[in-house]
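Colleague: One letter stands for each residue in the lines below.
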Amino acid sequence: GIQVEQSPPDLILQEGANSTLRCNFSDSVNNLQWFHQNPWGQLINLFYIPSGTKQNGRLSATTVATERYSLLYISSSQTTDSGVYFCAVEQVYSGGGADGLTFGKGTHLIIQP
Amino acid sequence: AAGVIQSPRHLIKEKRETATLKCYPIPRHDTVYWYQQGPGQDPQFLISFYEKMQSDKGSIPDRFSAQQFSDYHSELNMSSLELGDSALYFCASSGQPGQARGETEKLFFGSGTQLSVL
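Line order of the protein sequences matches chains A and B. Just add 750 to wherever you are in the first sequence, counting from 1, and you've got our numbering. Just add 1067 to wherever you are in the second sequence, counting from 1, and you've got our numbering.
The shape of chain A in the complex, shown without the other chains (with noise of 0.2 Å):
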């Protein structure tokens, strides 16, 4: 099956801070999203970026497909931006059907004050 590694799996940011994680995938995608789970476990999803740019508020992502990588960009960090950001990808497949996503081992982000 695919491979999903992110990077880095741990990082700790001061508030106001901008970091960079990233997401290497191993095959051809048609589906790619992050999400973040904060410290209450909930998974929140930010972006369904399969390719391209896109931006909501603080947070952006880029994903180059003929490279296999996508990026997420938190700028301007909060405390509330604490928490585990995953990487989910779904394997280009010729069949049908709703297939699952892959995740990542997540990039573990702690935001002090």
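Calculated directly from the structure, the hints in this document are not laboratory data. Just so we're clear, the structure is a prediction, and the values are computed from it rather than from any experiment. One thing to keep in mind: the hints can contain errors.
Said to hold, decoys possible - Short derived list, chain B residues pointing at chain A, Cβ under 10 Å:
| id | residue |
| --- | --- |
| 1 | 1100 |
| 2 | 1101 |
| 3 | 1102 |
| 4 | 1108 |
| 5 | 1110 |
| 6 | 1111 |
| 7 | 1112 |
| 8 | 1114 |
| 9 | 1155 |
| 10 | 1157 |
| 11 | 1159 |
| 12 | 1170 |
| 13 | 1175 |
| 14 | 1179 |
What the hints assert, rightly or not - Below are the DSSO-like pairs computed for lysine-lysine, each with C-alpha atoms no more than 30 Å apart in a straight line:
| id | chain 1 | residue 1 | chain 2 | residue 2 |
| --- | --- | --- | --- | --- |
| 15 | A | 855 | B | 1173 |
| 16 | B | 1173 | B | 1124 |
| 17 | B | 1089 | A | 855 |
| 18 | A | 855 | B | 1124 |
| 19 | B | 1119 | B | 1173 |
| 20 | B | 1124 | B | 1080 |
| 21 | A | 804 | B | 1173 |
| 22 | B | 1080 | B | 1119 |
| 23 | B | 1124 | B | 1082 |
| 24 | A | 804 | A | 855 |
| 25 | B | 1124 | B | 1089 |
| 26 | B | 1082 | A | 855 |
| 27 | B | 1089 | B | 1173 |
| 28 | A | 855 | B | 1080 |
| 29 | B | 1119 | B | 1089 |
Just so it is clear, CB atoms sit at the ideal spot from N, CA and C, and this is done for glycine as well.
On the provided structure of chain A, position chain B as indicated by the hints.
Modeller: Chain B only, in chain A's frame:
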């Protein structure tokens, strides 16, 4: 806006017992997914349903089964529970007919059911 509803929020069972988890997807979403997340792990895909038909299977044990009902809610049935089944179980839904591609593909997760097997 309505979200994915899961029940119960917490569940404690003994080994070899059975458990049933319930999921109510976002209204008009046509696809339901079940994921299992162990402590400190990433979510692992178990099974999905599209329009009440099983669509894809992941790493779901044979002791587990799931179904989606006519009202689109889904249940995950777990039998002969083992200590290793202790995990956070998420349900997610996606898809809304008429939406542009991209919006229909986004997964929205419920708050999860924390299962503890003693």
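Colleague: Taking the hints in turn, state whether each one holds.
Modeller: Do the hints match the structure? See the list:
1. Of the supplied interface hints, the one on residue 1100 of chain B holds, with its beta-carbon coming within about 6 Å of a beta-carbon of chain A, less than 10 Å.
2. Against a cut-off of 10 Å between C-beta atoms, the interface hint on residue 1101 of chain B holds, since the closest Cβ of chain A lies about 9 Å away.
3. Nearest Cβ of chain A to the Cβ of residue 1102 of chain B: about 8 Å, under the 10 Å cut. The hint holds.
4. Because the closest C-beta pair between residue 1108 of chain B and chain A is about 8 Å apart, less than 10 Å, the hint holds.
5. Look at residue 1110 of chain B: its Cβ gets to within about 5 Å of chain A, closer than 10 Å, so that hint holds up.
6. Given the 10 Å rule on beta carbons, the hint for residue 1111 of chain B holds: about 8 Å separates it from the nearest Cβ of chain A.
7. Against a cut-off of 10 Å between C-beta atoms, the interface hint on residue 1112 of chain B holds, since the closest Cβ of chain A lies about 3 Å away.
8. A cut of 10 Å between beta carbons decides the hint on residue 1114 of chain B: the least distance to chain A is about 8 Å, and the hint holds.
9. This hint holds: residue 1155 of chain B has a C-beta 6 Å from the nearest C-beta of chain A, less than the 10 Å allowed.
10. The closest approach between the C-beta of residue 1157 of chain B and any C-beta of chain A is roughly 7 Å, which is under the 10 Å cut-off, so the hint is satisfied.
11. Look at residue 1159 of chain B: its Cβ gets to within about 8 Å of chain A, closer than 10 Å, so that hint holds up.
12. Contact between residue 1170 of chain B and chain A, as hinted, is supported at the beta carbon level, the nearest pair being about 8 Å apart and thus within 10 Å.
13. Because the closest C-beta pair between residue 1175 of chain B and chain A is about 6 Å apart, less than 10 Å, the hint holds.
14. Taking 10 Å as the C-beta cut-off, the interface hint given for residue 1179 of chain B holds, the closest approach to chain A being about 6 Å.
15. The straight-line distance between the Cα atoms of residue 855 of chain A and residue 1173 of chain B is roughly 20 Å, inside the 30 Å bound, and the hint therefore holds.
16. Pair hint residue 1173 of chain B plus residue 1124 of chain B holds up; C-alpha atoms about 19 Å apart against a cutoff of 30 Å.
17. A distance of roughly 26 Å separates the Cα atoms of residue 1089 of chain B and residue 855 of chain A; the hinted pair therefore holds under the 30 Å criterion.
18. At roughly 21 Å between alpha-carbon atoms, residue 855 of chain A and residue 1124 of chain B fall within 30 Å of each other, so this suggested pair holds.
19. For the proposed pair residue 1119 of chain B and residue 1173 of chain B, the alpha carbon gap of about 19 Å is at most 30 Å, so the pair holds.
20. Note on residue 1124 of chain B and residue 1080 of chain B: the hinted pairing holds, with a Cα-Cα distance of about 25 Å set against a maximum of 30 Å.
21. At most 30 Å may separate the alpha-carbon atoms for a hinted pair to count; residue 804 of chain A and residue 1173 of chain B meet this at roughly 14 Å.
22. A hinted pair counts as satisfied when its Cα atoms are at most 30 Å apart, and residue 1080 of chain B with residue 1119 of chain B qualifies at roughly 28 Å.
23. A C-alpha spacing of about 25 Å is found between residue 1124 of chain B and residue 1082 of chain B, which places the hinted pair at or below 30 Å, so the restraint holds.
24. For the hint linking residue 804 of chain A to residue 855 of chain A, the alpha-carbon distance of about 23 Å falls within 30 Å, and the restraint holds.
25. Restraint check for residue 1124 of chain B and residue 1089 of chain B: the C-alpha separation of about 18 Å stays at or below 30 Å, so the hint holds.
26. Under the criterion of a C-alpha separation no larger than 30 Å, the hint pairing residue 1082 of chain B with residue 855 of chain A is consistent with the structure, at around 29 Å.
27. Annotation: proposed proximity of residue 1089 of chain B to residue 1173 of chain B holds, straight-line Cα distance about 21 Å (limit 30 Å).
28. Note on residue 855 of chain A and residue 1080 of chain B: the hinted pairing holds, with a Cα-Cα distance of about 28 Å set against a maximum of 30 Å.
29. Proximity of residue 1119 of chain B to residue 1089 of chain B is assessed by CA-CA distance (about 15 Å); at most 30 Å being required, the pair is judged to hold.
In terms of the numbered hints stated before, the structure departs from none.
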